[in-house]
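Asker: So the protein lines, in turn, are chains P and S. In terms of the working numbering, the first sequence has 93 at position 93, counting the first letter as 1, and numbering is strictly consecutive. Throughout, the working numbering is defined as the position within the second sequence, counted from one, plus 1000.
Because the hints were derived from the structure by calculation, they are not lab data. Predicted, not measured: the structure shown is a model, and the values here were computed from it. Cβ atoms here follow ideal geometry from the backbone N, Cα and C, with glycine treated the same way. Do not take every clue at face value.
[Stated by the list, open to error] 20 Å max Cα-Cα, derived SDA-like pairs, lysine to any residue:
| id | chain 1 | residue 1 | chain 2 | residue 2 |
| --- | --- | --- | --- | --- |
| 1 | S | Lys1039 | P | Pro40 |
| 2 | S | Lys1064 | S | Ser1019 |
| 3 | P | Lys42 | S | Val1111 |
| 4 | P | Lys39 | S | Lys1039 |
[Unchecked claim] A partial selection of chain S residues facing chain P, derived with a Cβ cut-off under 8 Å:
| id | residue |
| --- | --- |
| 5 | Lys1013 |
| 6 | Gln1109 |
| 7 | Gly1110 |
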Amino acid sequence: DIRMTQSPASLSASLGETVNIECLASEDIYSDLAWYQQKPGKSPQLLIYNANSLQNGVPSRFSGSGSGTQYSLKINSLQSEDVATYFCQQYNNYPTFGSGTKLEIK
Amino acid sequence: EVQLQESGPGLVKPSQSLSLTCSVTGYSITSNYWGWIRKFPGNKMEWMGYISYSGSTSYNPSLKSRISITRDTSKNQFFLQLNSVTTEDTATYYCARYLLLQCLDYWGQGVMVTVSS
Chain P
1 DIRMTQSPAS LSASLGETVN IECLASEDIY SDLAWYQQKP GKSPQLLIYN ANSLQNGVPS
61 RFSGSGSGTQ YSLKINSLQS EDVATYFCQQ YNNYPTFGSG TKLEIK
Chain S
1001 EVQLQESGPG LVKPSQSLSL TCSVTGYSIT SNYWGWIRKF PGNKMEWMGY ISYSGSTSYN
1061 PSLKSRISIT RDTSKNQFFL QLNSVTTEDT ATYYCARYLL LQCLDYWGQG VMVTVSS
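Produce the entire structure from the sequences given, and follow the hints as far as they go.
Answerer: Shown next as structure tokens:
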């Protein structure tokens, strides 16, 4: 199976800052990557698919990039409602997930 | 609006079977693909399998001998059965809809299942 190594495990940033979360795949996944946001007590919400396509209704301050084995999620102008755990998922082979990044406001 | 809701027992004894139902409203399960995913304590997530619009299935190889996903199109529901559970199957179980058999664009709220005697 394809292993997804996500970093950092936790992140604390100030309102208005830009944050980056990384996922490294154990092999080339050809941009078959999604990013999700999960707020406490809620179900995951799809943010990005195909590495850089923004899901309908997701604010444009979220963006995804990457190729091959390296991918990142960028959040511009951090807002209080962005407090959540973020995780990546590859679907090049049967799906596997990153371990998650817990984002807090400083 | 597409909505999914998991239901089932919150406590299962070791060696027994875990059975969950996903009830879908706002969209027919005879379209798209529909999956089960679980999140373990400590936040590791695992894809378990899916059932397609035609009723075909695909399972995580690590679960293949224990898992079955079926459906009832008349009720717009699909089901998860996991046999011979152990304490390691304790997790929050989610059902979800696939976007183009890639990622998952609608999720249920999740149901926590504890395996314990």
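Asker: Run the distance test for Lys1039 of chain S versus Pro40 of chain P: straight-line Cα separation, threshold 20 Å.
Answerer: holds, 13 Å
Asker: With the threshold set at 20 Å, check whether the alpha-carbon distance from Lys1064 of chain S to Ser1019 of chain S stays at or below it.
Answerer: Within the cut-off at roughly 16 Å; holds.
Asker: For Lys39 of chain P and Lys1039 of chain S, compute the direct alpha-carbon distance and say whether it is at most 20 Å.
Answerer: holds, 14 Å
Asker: Does the CB of Gly1110 of chain S sit less than 8 Å away from some CB of chain P?
Answerer: holds, 6 Å
Asker: Would the stated hint for Gln1109 of chain S survive a check requiring a Cβ distance to chain P of less than 8 Å?
Answerer: holds, 5 Å
Asker: Checking one constraint from the list: CA of Lys42 of chain P to CA of Val1111 of chain S, max 20 Å. Satisfied?
Answerer: holds, 11 Å
Asker: Going by Cβ atoms only, is Lys1013 of chain S closer than 8 Å to chain P?
Answerer: The hint is violated - Lys1013 of chain S has no Cβ within 8 Å of chain P, the shortest such distance being about 27 Å.
Violated hint for the displayed structure: number 5, the only one.
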